[in-house]
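Chemist: Each chain is listed here by its residues.
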Amino acid sequence: MRHTISVLVDNKPGVLARVAGLFSGRGFNIECLSVNETLDPTMSQMTLVTRGDEQLIEQIMKQLNKLIDIVKVIDLETSDYVGREMALIKVNVDEARRSEVLSIADIFRGKVVDISPHYYTIEVTGDEDKIRAIIELFKPLGIKEIARTGKAALQRESKERKA
Amino acid sequence: MPEQAGYKVHRQVTGVKMKGAQIFLESLIREQVKVIFGYPGGSVLDVYNSLYDAKLQHILVRHEQAAVHAADGYARATGDVGVCLVTSGPGATNTVTGIATAYMDSIPIVIFSGQVPTMLIGNDAFQEADIVGITRPCTKHNYLVRDVKEIAATVKEAFYIARSGRPGPVLVDLPKDVLRESAVFHYPEQLNMRSYRPTYKGNKRQIGRAMEEIAEAKKPVIIAGGGVILSNAAKELATFARKFSIPVTATLMGLGGFPATDPLSLGMLGMHGTYCANMAVTNCDLLIAIGSRFDDRATGDVNRFAPSAKIIHLDIDPTSISKNIKVDIPIVGDVKEILKDSLAIASEQKVSKGLHAEWLKEIEGWKKIHTLNYKQTETIKPQYVIEKLHELTKGDCIIATEVGQNQMWTAQFFAFDKPRTLLTSGGLGTMGYGFPAAIGAQVAFPDKTVIDIAGDGSIQMNIQELATAVQYQLPVKIAILNNHSLGMVRQWQELFYQKRYSHSTFAAHPDFVKLAEAYGAVGLRATKPDEVVAVIKNALATPRTVIMEFVVESEEGVYPIVPAGAPINEMILV
Chain A
1 MRHTISVLVD NKPGVLARVA GLFSGRGFNI ECLSVNETLD PTMSQMTLVT RGDEQLIEQI
61 MKQLNKLIDI VKVIDLETSD YVGREMALIK VNVDEARRSE VLSIADIFRG KVVDISPHYY
121 TIEVTGDEDK IRAIIELFKP LGIKEIARTG KAALQRESKE RKA
Chain B
1 MPEQAGYKVH RQVTGVKMKG AQIFLESLIR EQVKVIFGYP GGSVLDVYNS LYDAKLQHIL
61 VRHEQAAVHA ADGYARATGD VGVCLVTSGP GATNTVTGIA TAYMDSIPIV IFSGQVPTML
121 IGNDAFQEAD IVGITRPCTK HNYLVRDVKE IAATVKEAFY IARSGRPGPV LVDLPKDVLR
181 ESAVFHYPEQ LNMRSYRPTY KGNKRQIGRA MEEIAEAKKP VIIAGGGVIL SNAAKELATF
241 ARKFSIPVTA TLMGLGGFPA TDPLSLGMLG MHGTYCANMA VTNCDLLIAI GSRFDDRATG
301 DVNRFAPSAK IIHLDIDPTS ISKNIKVDIP IVGDVKEILK DSLAIASEQK VSKGLHAEWL
361 KEIEGWKKIH TLNYKQTETI KPQYVIEKLH ELTKGDCIIA TEVGQNQMWT AQFFAFDKPR
421 TLLTSGGLGT MGYGFPAAIG AQVAFPDKTV IDIAGDGSIQ MNIQELATAV QYQLPVKIAI
481 LNNHSLGMVR QWQELFYQKR YSHSTFAAHP DFVKLAEAYG AVGLRATKPD EVVAVIKNAL
541 ATPRTVIMEF VVESEEGVYP IVPAGAPINE MILV
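So the protein sequences, as listed, match chains A and B.
Note that this note's numbering has the first sequence beginning at 1, numbered continuously upward.
Note that this note's numbering has the second sequence beginning at 1, numbered continuously upward.
Simulated from the structure, these hints should not be mistaken for lab results.
We put the CB at the ideal spot given by N, CA and C, even for glycine.
Check the hints yourself; a few may be wrong.
Listed next, with one range per pair, are the computed distances between beta-carbon atoms [unchecked claim]:
#, chain 1, residue 1, chain 2, residue 2, range
1, B, L56, A, R26, 36 to 44 Å
2, A, T78, B, M119, 45 to 53 Å
3, B, P263, A, A17, 47 to 55 Å
4, B, T261, A, R26, 34 to 42 Å
Just need the whole structure built from these sequences, with the hints factored in.
Modeler: Quick look at the structure:
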């Protein structure tokens, strides 16, 4: 099962290498990884997506926690969260297919960000499922290239008013 | 009081501007470091220049790998943090095996390596190596110091990380220009690491649940691992086991954590464990693992390990819990603290005499079926040598081992009653570990008897340290069990590879007696069983570095053996 894990780290040199080394050394899989500053310049936030059963995910969480420099590890899968990725998709276009490409982009609220005689580049933002769906729809039309970002994710706040 | 006198010196030095190399040494003094094991080189010349007048003891080894093993042996024997100092490039890369050895066994050491000047880093400079990158997977943590103002705080953090929580090796890389720059010396009073907060106190509810299970169990067993020794919990463990009449088996790393001569002791478990220990663990209904990580050498096939048992696991490291074996009651914390809390809960409890009498009788039955044994013949048996070493030292000594058959026979035939008396590379299994580790222990305890039990293969991996031992007049004794082969490999080839002895025989060997003498040490040899006792007595009475060579039976095997993939109750016994 895919798990999205949010990691808060001390912004020290080598911390990304440490996390990557941990995953590769123990045979854990990284499907995607993004890391950025937070409002606090001494801390960075890493969002990674990995795959495994319950026991494996538990080991991954514990091993991440064990690293010096890691401040907090949250398995977002255990709660409600908002996750977004962005993809740039370069799709084949010709007279026959041009309008279909545009209508698919429109349905997914994507934007055309580059035009050339044979290719359109579509920018689309959304959760995992939406990105997967638009790629599946473009495949029969011919995708030349895709560039994707990692996932940005935040926990949802409780909707109940506190008494 | 020496500590107070030292403190007065500290007062004079705070606020003084000094070079990075001096800040480094002052920081070590603040950490109560008494000895450094090291080897100089270009990048650390400034440190060695400051070391020339400093009050720190420095042991000059003959290979950087030995510096790390010696710091490791020092740490295991004393419980303090071991320290080593090496130069950049090849000096640093030579430490990697030693660091990985300490990492696998959770030993607190700090390795200081020189580095090329900061402006040359990444430039493929002379004697440059990305040692921080290379040791990232085998250190608990590591640092590259980029500013002289960071040296003191980094040293403080490094020592703290090395010795706290689950101990481990920490490497600090020091570029030459940083060591030559100046700053005002100020040693930080406190550390505040928001990202590192080890848990020491066990959860009260979990401890309560565990105590309930212990009260109900009919066939309990305790596995004592290396954590018992790292936590200095031998006393609490003995009180606990005896109070509840629970038999105790030890992993290789736990030997000495519970007295081997105690009636409740089952001996070591696992691949070369005793018959009764392996049978007891396989048939128990409650398994209490204390400071053990359920390594594959101890468990055999995990799917058939302790099949009818509820498992309680005490460990300071959450990643060890439920990693290999599913655990019913995990308790994260320092095992000494947890055992103390458990004994406090149980202090009001009345424990009946003759508790578990039937279970203990069943265990006696297994002891009758098979105990560790060997046949005396005209050739010297290695097990006999080890028994005699124990007898003639009365077990009052520190034993280091190399790796392979020598290590396993020592674990089986030398009764370890006290913690910190066995120094052995369990996790990584590093040949060449024992002799330098023995040197480290001897430096820590100049008046104790320290013996390295070695094979003829292993001893040659750090044989150059004979010079170190002789230079500092360290009366380490080396017992070489010479069977002219890479014994454990030969045994596996005999049992599992149809006796195809591929490159496991040493056709050429030095004359170990002459070699000892060439280095200025003493060399003794026994070729017949009736010469063994005299050689050992002679060595123990000689206040010098001594090699005792025992020419032993070349086809002797370590038994029992649990073949790879088998459960621990399926042992080959003969």
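Chemist: Are the hints correct? Go through all of them and say.
Modeler: Results for each hint:
| no. | hint | verdict |
| --- | --- | --- |
| 1 | B/L56 to A/R26: 36 to 44 Å | holds (38 Å) |
| 2 | A/T78 to B/M119: 45 to 53 Å | holds (47 Å) |
| 3 | B/P263 to A/A17: 47 to 55 Å | holds (52 Å) |
| 4 | B/T261 to A/R26: 34 to 42 Å | holds (40 Å) |
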